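Got chain Z sorted already, so can you dock chain U onto it with the hints?
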Amino acid sequence: MIDADPIEPAPDSFGDRIGRAAAVLSRFSWSTRGGPGELEISLAGRITLDEAPALWKRVAGVLDPAQRFQSVTIDLAGVNEIDGACLALLVHLQTELSRRRVRCELRGAHPDVQRLIALYARRRRIKRRLPRRPRSVLEQIGEATAETGDALLAAFDFIGELVMATLHALRNPRTLNLRDVAFTMERAGADAVPIVLLINFLIGFVMAYQSSVQLRQFGANIFVADLVGVAMTRELGPLMTAIIVCGRSGAAFAAELGTMKVSEEVDALRTLGLVPLRYLVLPRICGLMLAAPLLALLADAIGIAGGALVAVLRLDLTLAAFFTELRQAVQLSDVLSGLAKSVVFAGATALIACQQGLATSGGAEGVGRRTTGAVVSTLFVLILLDAVFTVLFGALGL
Amino acid sequence: MSDPLIRVEGLSYGWGPRLLLESASFEVERGDVFLILGGSGSGKSTLLRHLIGLEAPRAGRIEIAGIGAPRLEGNAPEYGVMFQSGALFSSLTVGENVAFALHEWTELPPLAIRAIVKAKLALVGLEGTEDRLPAELSGGMKKRAAIARALALEPSLLFLDEPSAGLDPVSAAELDELITVLNRTLGLTVVMVTHELPSIFQVGKSCILLDPDSRSIIARGNPRALAQTNPDPRVQQFFQRRAR
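Here the protein sequences line up with chains Z and U, keeping their order.
Throughout, the working numbering is defined as the position within the first sequence, counted from one, plus 22.
Throughout, the working numbering is defined as the position within the second sequence, counted from one, plus 344.
Extracted from the complex, chain Z is given alone in its bound form (with noise of 0.2 Å):
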């Protein structure tokens, strides 16, 4: 028996329709003839990658259970050309039938190609790992809460050490590395200044905006300056400020350690007897300690600015009675709150940053994932902070 025909139309498949336009489209011939039990199939013409969805489709027909061959030979006499993509799928085919027990022979191949399929038939035993079963959802939290448990014990464990490391460098202030203190603040407060005074005037020009009409319908509109004010001061722009340097130089400080971890500088940094924390974690916190209040007093100055805007067109208020009333609204203990406020924000963001940074592992992606966990646990903590100082704040009576 001798089937030459193209491949069967089998209506509805998309892989079908796919193997349906390969064949028209094939290079090769796949012949086959036998007596019960046993088929030979005969393979001929240039049979590459282009040929191997229709390839595909014959090897399928061959597997298929319904199909009880005692042997399958194979002849490759006839074949001008073959790549290892279809040499692989003949590999297959013959691996799988001497799984099921059925005898299946590759022959009349060219040596070099024998050596391929040779290499492709090579089986080393490996030690399979077994499925992994599915998790129910306790265990799905307890393995949740234990890995929350050993984030937290190496949180506090970088705390220890830091302390340990400022307390050095406070004893000796030479062994600070003031060099790149100066230089995350130029980094950190000096070149995110355009960015903070945009945000930061858009910020306090929308509150005005929005209370303006509440406002006017009061006759209340002198009092613009009063929530302006004091938002911005005491909340809005150590906070906004806070966000923005997490976003600019938590991720830089994740991301900048992180890949000095993986591509061993800090192993080097450590053989050459520097301590990582105190030459690479403490500059960072000290210089972004320094520039947060800065940058929250501009954004301070800069929101307030944004609502004067609002209520000069809107609230038809002069800029006399505004900063007037600003004067009295706005008590310098709110300034103060916050920029202090803005420090502890930016100690925050320094640390979890170089933390996430010192703590990565495992290449590129590793780095990614450290500088997306930096960025998310510090907005976190950040809002978690401002709640407990709104809280403290107010049982002080400050």
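Rather than coming from a laboratory, the hints here were simulated on the basis of the structure.
Every value quoted in this text rests on a predicted model; they were computed, and no experiment measured them.
Check each hint, because a few of them may be wrong.
Short, incomplete list of chain Z residues facing chain U, as computed with Cβ under 10 Å [what the hints assert, rightly or not]:
#, residue
1, 285
2, 294
3, 343
4, 346
A short list of chain Z residues far from chain U (calculated; beta carbon distances all over 12 Å) [claimed, not checked]:
#, residue
5, 124
6, 173
7, 221
8, 284
9, 338
Not everything, but these chain U residues come out facing chain Z in the computed CB check (under 7 Å) [stated by the list, open to error]:
#, residue
10, 409
11, 410
12, 412
13, 416
14, 425
15, 429
For each residue, glycine too, the CB sits at the ideal point set by N, CA and C.
Okay, now just chain U, sitting in the frame of chain Z:
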């Protein structure tokens, strides 16, 4: 009586639950070029990290110059290290990389440091590259610069992690030549991880061969002698570069 520079006794280490080496003992003599050999995944670089003090062993003891485990952070380095990738500080120039340890651990004035940096870079064939950033160097140049940095504080012991890996044959041969010169002229003891056969025969005076399957040292001695006389098929497979 021999006075080894490095003495390792009963060393065991691994990653996670996997043990890479179990109860290994060996010594490195002063003035030796000692090679840690083995196939990929046999734990050569991990052994080097333990010798340097970057990892703590699960069991066993490492002594360098008879003073126990190596001390790292907060102490002036007692030896030089070149990592596989060079691990130059990417934000510093080549000159600043070499000068780094001199600034940190000596009271030398900047001019003197500059002179030393120039000489060290000339020694490794990188004169005139002081102001270039590591990103501007080729792979071989980075490794040379890393050797110059490792030599900055005049150590008597140098650890090298696969110095010639990934280099073209000419650069690899030049690096081998440099290691031989450093060993002969400066009397440096060199501990080197490699699996490059030409380098092994060119620079190695003694070696150990790690086997990942038995998690042990399966051969030790002079590499040429091992290649010629050791009957162990695993040793011959390694030195004859035979496929499994």
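Tested hints:
At its closest, the beta carbon of residue 285 of chain Z sits 6 Å from a beta carbon of chain U; the interface hint therefore holds under the 10 Å criterion. At about 5 Å, the closest approach between the beta carbon of residue 294 of chain Z and any beta carbon in chain U falls short of 10 Å, and the interface hint on this residue holds. Restraint check, residue 343 of chain Z versus chain U: the minimum CB separation of about 52 Å is more than 10 Å; hint violated. Annotation: interface hint on residue 346 of chain Z violated; nearest CB of chain U at approximately 50 Å, more than 10 Å.
Taking the minimum C-beta to C-beta distance to chain U, about 29 Å, the non-interface status of residue 124 of chain Z holds against the 12 Å cut. With a closest Cβ-Cβ approach of about 18 Å to chain U, residue 173 of chain Z is found to remain outside the 12 Å limit, as its non-interface label requires. Distance to chain U confirms residue 221 of chain Z as a non-interface residue, since its nearest Cβ pair spans about 28 Å, more than 12 Å. Its closest Cβ contact with chain U, about 10 Å, brings residue 284 of chain Z to no more than 12 Å, contrary to its assignment away from the interface.
With a least CB separation of 54 Å from chain U, residue 338 of chain Z remains clear of the 12 Å interface cut-off, as annotated. Annotation: interface hint on residue 409 of chain U violated; nearest CB of chain Z at approximately 16 Å, more than 7 Å. Among the interface hints, the one on residue 410 of chain U is violated; its C-beta lies about 20 Å from the nearest C-beta in chain Z, farther than the 7 Å criterion. Among the interface hints, the one on residue 412 of chain U is violated; its C-beta lies about 17 Å from the nearest C-beta in chain Z, farther than the 7 Å criterion.
Interface hint at residue 416 of chain U: satisfied, since its Cβ lies 5 Å from the closest Cβ of chain Z, which is below the 7 Å cut-off. A least Cβ separation of about 4 Å between residue 425 of chain U and chain Z falls short of the 7 Å threshold, and the interface hint therefore holds. Annotation: interface hint on residue 429 of chain U holds; nearest CB of chain Z at approximately 6 Å, less than 7 Å.
In the structure shown, a violation is registered for the earlier hints numbered 3, 4, 8, 10, 11, 12, in ascending order.
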